[in-house]
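Asks: Sequence:
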Amino acid sequence: MKNNRFLLTALLISILSISCSSDDDNSDEPLETRKYVKTEKVSENLKIDYEYNIENILTKAKGNYPNFGYESTFTYTGNYLTKWKEVETGQFPSNSEQNFTYDAQGRLSKYIGPSEDVTLTYSANKVTLTGTIEGDANATVQLELNSDGLITKFTEANQYTIFQYDNIGNMVSAESFDNNSDPIAAFTITYDAKINPFYGQFRSIYIERFIEFFWEFDGIYVSGMEGYSFPFQKNNITAIKENTIAVASYVYMYDAEGYPTDVNEEYYGDPSQYTLEYTR
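Numbering (mature numbering (1 follows the signal peptide of the UniProt record, and there is no 0)), first residue to last: -22 to -1, 1 to 258.
Note that these hints are calculated values from the structure, not bench results.
Incorrect hints may have been included.
Said to hold, decoys possible - Calculated lysine-lysine pairs in the DSSO-like style (CA-CA distance at most 30 Å, straight line):
1) Lys219 <-> Lys25
2) Lys63 <-> Lys25
3) Lys88 <-> Lys19
4) Lys61 <-> Lys38
5) Lys40 <-> Lys104
6) Lys40 <-> Lys61
To be verified - What follows is a set of in silico ranges between Cβ atoms, one per label pair, in the way DEER data are often shown:
7) Lys13 <-> Glu122: 17 to 23 Å
8) Asn158 <-> Pro71: 41 to 47 Å
9) Glu255 <-> Gly84: 29 to 35 Å
10) Ala234 <-> Phe46: 32 to 38 Å
11) Asn34 <-> Lys88: 38 to 44 Å
12) Ala234 <-> Pro44: 31 to 37 Å
13) Asp248 <-> Thr222: 15 to 21 Å
14) Phe155 <-> Ser93: 22 to 28 Å
15) Leu128 <-> Gly56: 31 to 37 Å
16) Asn57 <-> Ala163: 21 to 27 Å
17) Asp248 <-> Lys13: 29 to 35 Å
18) Asp248 <-> Ala164: 18 to 24 Å
19) Thr253 <-> Asn34: 18 to 24 Å
Bear in mind that the values here come from a model prediction, so they are computed numbers and not experimental data.
All C-beta atoms in this analysis are idealised placements derived from N, C-alpha and C, irrespective of residue type, glycine included.
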């Protein structure tokens, strides 16, 4: 859930603050990922480990935090994610499962989870979602896609949001409006010119991930740790602004191949730091 993601981000910033040269020219498309994130790490008590199959598709994520942990497993048919199962341990242990189905053209046609029962229908560049969406029963959403399949307009019951992208498909702005077309919120995103090592996973559930993070849009929550939550930007985010006010900033150190290894994050003024380790 988006709100859970916001709370987790705030929790991470709080924990990281206690625990402890970007390049803005993104005119050239980065090379395709050749190695994969093994661990995002602050300490042994605050880290996320990842596993992949022989085709380098993500199959498991195991998070370890001071007061809880989780293990997510991902099941595929070919390159299509069909099941996402999560077990959480700690004070409030839980089990959940989300299932995904696809139409004859390989497009996501339905997904069902603890607070989801969503059907997708396609017509030209428009996608309509109906059912229980993010816990809201009898909801309807309409999406408009560009020629690259990226969502450019997200229409909900009480608002709509317009998204713009750079020439390689990184989201660079999001502006929301009420049903009278009066502005509600406006955000901009900037990037480095290096490889986003998380890019390329979960392609088959791009729309579901988009709904997860932009439903009832009020901010950008797709940066920071847990990079596979929304792995659809080709470069690494360096700054997020609401209007002209900084929301988040990121400064990276890179290895010789251009992969980020150290991340210094500032989120609403709170600094934090974590590292990335890789496998091939």
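Asks: Where does the structure disagree with the numbered hints, that is, which hint numbers, in rising order?
Replies: 3, 5, 7, 11, 15 and 16
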